[in-house]
Each structure stands twice: as C-alpha cells, then as structure tokens.
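Reassemble the complex: the two chains are provided individually, in unrelated frames, and hints are given to aid placement.
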Amino acid sequence: KAGVTQTPRYLIKTRGQQVTLSCSPISGHRSVSWYQQTPGQGLQFLFEYFSETQRNKGNFPGRFSGRQFSNSRSEMNVSTLELGDSALYLCASSLGQGRTEAFFGQGTRLTVV
Amino acid sequence: AQKVTQAQTEISVVEKEDVTLDCVYETRDTTYYLFWYKQPPSGELVFLIRRNSFDEQNEISGRYSWNFQKSTSSFNFTITASQVVDSAVYFCALTNAGGTSYGKLTFGQGTILTVHP
Numbered sequence: 011k012a013g014v015t016q017t018p019r020y021l022i023k024t025r026g027q028q029v030t031l032s033c034s035p036i037s038g039h040r041s042v043s044w045y046q047q048t049p050g051q052g053l054q055f056l057f058e059y060f061s062e063t064q065r066n067k068g069n070f071p072g073r074f075s076g077r078q079f080s081n082s083r084s085e086m087n088v089s090t091l092e093l094g095d096s097a098l099y100l101c102a103s104s105l106g107q108g109r110t111e112a113f114f115g116q117g118t119r120l121t122v123v
Numbered sequence: 007a008q009k010v011t012q013a014q015t016e017i018s019v020v021e022k023e024d025v026t027l028d029c030v031y032e033t034r035d036t037t038y039y040l041f042w043y044k045q046p047p048s049g050e051l052v053f054l055i056r057r058n059s060f061d062e063q064n065e066i067s068g069r070y071s072w073n074f075q076k077s078t079s080s081f082n083f084t085i086t087a088s089q090v091v092d093s094a095v096y097f098c099a100l101t102n103a104g105g106t107s108y109g110k111l112t113f114g115q116g117t118i119l120t121v122h123p
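Chains A and B supply the protein sequences, listed in that same order.
For the first sequence, the numbering used here gives the first residue as 11, with consecutive numbering after it.
For the second sequence, the numbering used here gives the first residue as 7, with consecutive numbering after it.
Same shape as in the complex, but just chain B (with noise of 0.2 angstroms):
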C-alpha cells in the first residue's frame, strides 16, 4: 500500500521570510511517480512539480524549490521568500504508474500555509 504523510498541519509565517513543507511516502514500488500540488481558496487542485523517482535531481523553478531524497523517502518543497499569495493548502502525492493505480494519486493530507503581510 502506498502513503504518503505531511506531518505539519499548518504553517504560518510573515512575508518574505522562507518556509519549507514536509512530504514524507511509503510505496513497495520501484519506480514511482511524486507530485505537489497547492489548493488556493478557489477549490481547484494547481500542478506544481512532478518528479520521477529514478531522478533525484533537486529542482528549482523561481522562489520554489524540491529536495527528493529516497533514502529518507522525502520530498520536501522550499518557498523562498514568501509572498501572501502564497498562502493556500499545499498536497504531496504519489502514484506507481500503472497496474492497481491507474489514475490514482495518494495524497497527504495537506499543509494549510498561511503567509501573513
């Protein structure tokens, strides 16, 4: 079975300063699939980062920052420089691909970030 934890319920930090959201997962699987995601008030589900778990690359894309780390079976997301628009609840994911998890993503349970002026 596949998991996938966000320990930190809620963050909350004033403008500018960097804040770093956890995402730790279980899968039996090889090959794997980890994605974040952020849900502004809106509702709908933003694409931020897919990443491959054959890729351990970090990436960084602006004020957005990824460290993959299998063998701690993490990957965590770094904001630097916070701005209030920011602020929304922020899902880790994981999917294997194929097979019992076709269409499937396991999210966490998501870190409400609260980024305040």
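Pulled out of the complex, with its shape left as it was, chain A reads as follows (with noise of 0.2 angstroms):
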C-alpha cells in the first residue's frame, strides 16, 4: 500500500510569489490534515480536509489556503511569501476519525529567500 507523498520535496521561492504543495493521500483515507514544522515553533496545524470540506483550521493568516480534490488528493497554497514562511510542511492523511492514527508523507521542505 503506498504512503502518503508529498510534492515537490523541496522549493526555492523569492519573497512575493505564491506557491502550490501537493498531497496524495493514502488510498482510502478521505482526511488530509497539513502541519507547518520550523525550528522556532515546532509542529503547528494549519488545516484538515475531509471529503473536500474543509472541517478544521489552524491560527494561520489567510495567506496559507488549502482545498481538497474528489480523490482526496489535496493542496495548500501560500500567496504573498515571507521569509517567515520558510519550514517543513507535512501532510497527514487519515480515515478521519480522530481516533485514528494519522500517517505523514516526507513533507516540502520550503525557503523563501
């Protein structure tokens, strides 16, 4: 059974562009949550998506928006980059009950320059 990827694996943007970051879930989990990762302030929720409702949401700017396909695939997109922006960003994908364990794909590792 394939994991959860991530694409790309890694990007380089300048200040003032947006970006786009992929998500494939695991086959049959409808859940996809998104995870911010810096040194500074760890693991941080942005969003979960379920069945292409977005059902929670993180203390994120409204920069950082996601959206969630019929095939549960799913993206999240940064407009107006900071250098602040600069981490790792995961994604999770579960069944979607909370009970569940969630599994991580190997994350975009994203720097703003």
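Simulated from the structure, these hints should not be mistaken for laboratory data.
It cannot be assumed that every hint is accurate.
[As the list claims (entries may be wrong)] With the C-beta cut set under 10 angstroms, the calculated list includes, among others, these residues of chain B facing chain A: (1) F41; (2) L51; (3) V52; (4) F53; (5) R56; (6) F97; (7) A99; (8) S107; (9) Y108; (10) G109; (11) K110; (12) L111; (13) T112; (14) F113; (15) Q115.
Don't be surprised by glycine CBs; every beta carbon is placed ideally from N, CA and C.
In structure tokens:
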C-alpha cells in the first residue's frame, strides 16, 4: 500500500511569490491535514480537509489556504510569501476519525529568499 | 485548550542503554487519544503508537514500551537496549478526536535522541 506522497520535496521561492504544495493521501483515506514545522515554533496545525470540506483550521493568516479534490488529493497554497514561511510542510492522511492514527508524508521543504 | 510538554529537549545515550522519553499532557476532555511519532532525518513522521484515554494498559512492542498514567497525565516512552538507528526526534501528540480537533494533533516540542555507538 503506497504511503502519503508530497510533491515537490524541495522548493526555493522569492518573497512575494506564491507557492502550491501537493499531497496524495493513502488510498481510502478521506482526511488530509497540513502542518508547518519550524525550529522555533515546532509542529503547528494549518488545516484539515475531509471529503472536500475544510473541517478545521489553525491560527494562520489568510495567505495560507488549501483545498481537497474528489479523489482526496489535497493542495495547499501560500500567497505573498514571507521569509518566515520557510519551513517543512507536512501532510498527514487518516480515515478521518480522530481516534485513528495519521500517517505523514516526507514533507516539502520550502525556502523563501 | 490542549497542551503537550516534552521537557527533555535532547538526550544522548550510548548504545544498549535504556532511555525514557517523558510526555505530560493537558486536556479538559474526558475522551482523548495520545500518540508517539518518530522523525528521522528524512523528515517523515513515523507513527509508533496510539493510546485511548480509557485504556490505561501499558504496552510493549519489541524494544519499545509505553507507560500511560491518567493520574499524572503522563504518557512516557521507553526504549530498551537502544541502538544507533533509534537516533531521531520523538514527538508526543494529543487529540480529542472531534469538534475543534478534527484532524488536529497537538504536538510537544519533541525530544532529540542521539544514540552513540
């Protein structure tokens, strides 16, 4: 069974640009969550999608957005990039019931210069 | 609000030593779920274990064991006879499985474990 796939693995962008990250969950998983990981703030929850609907959102500015497609694949977008957006962005998939474990992808390392 | 505290920022041991990683959590929910994840240098978070709030049985899996104590709000993780391959960052996480916690894991700051040969 294939795991969670995130693309691309690495990205370098310039301040002010926008970026789109992609996540393909494990087959059969309908929930996709996104996290930002930085050395200073640790792992922070961005948002969660289940069956194409955003069910939960963390405390991030509106520049961070996401969506989920009918095949459960998800994308997150960051507009008007800032230096502080440099981070490892991790995607997790699960069955969508909180009691079940989430499985993570290898992440996308975003560097904003 | 939920909170997870991993007081140990870094631990360094020599191979074959036993090591315990501490995790203390805070939540007002009566039903919640605790997790441990391992993050090797590759970056992916690897699921290790899930524990339900209503199940205080300790668990052993090979060289790994977990001690869940609701009375002290702790969910500690022990590696017996550590190996160099155990070197990684370990995260403890918490969710209440519904409502405002849909899809959301609250993570501790992580413990960097280094096992020297």
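* **List of violated hint numbers, smallest to largest** => none
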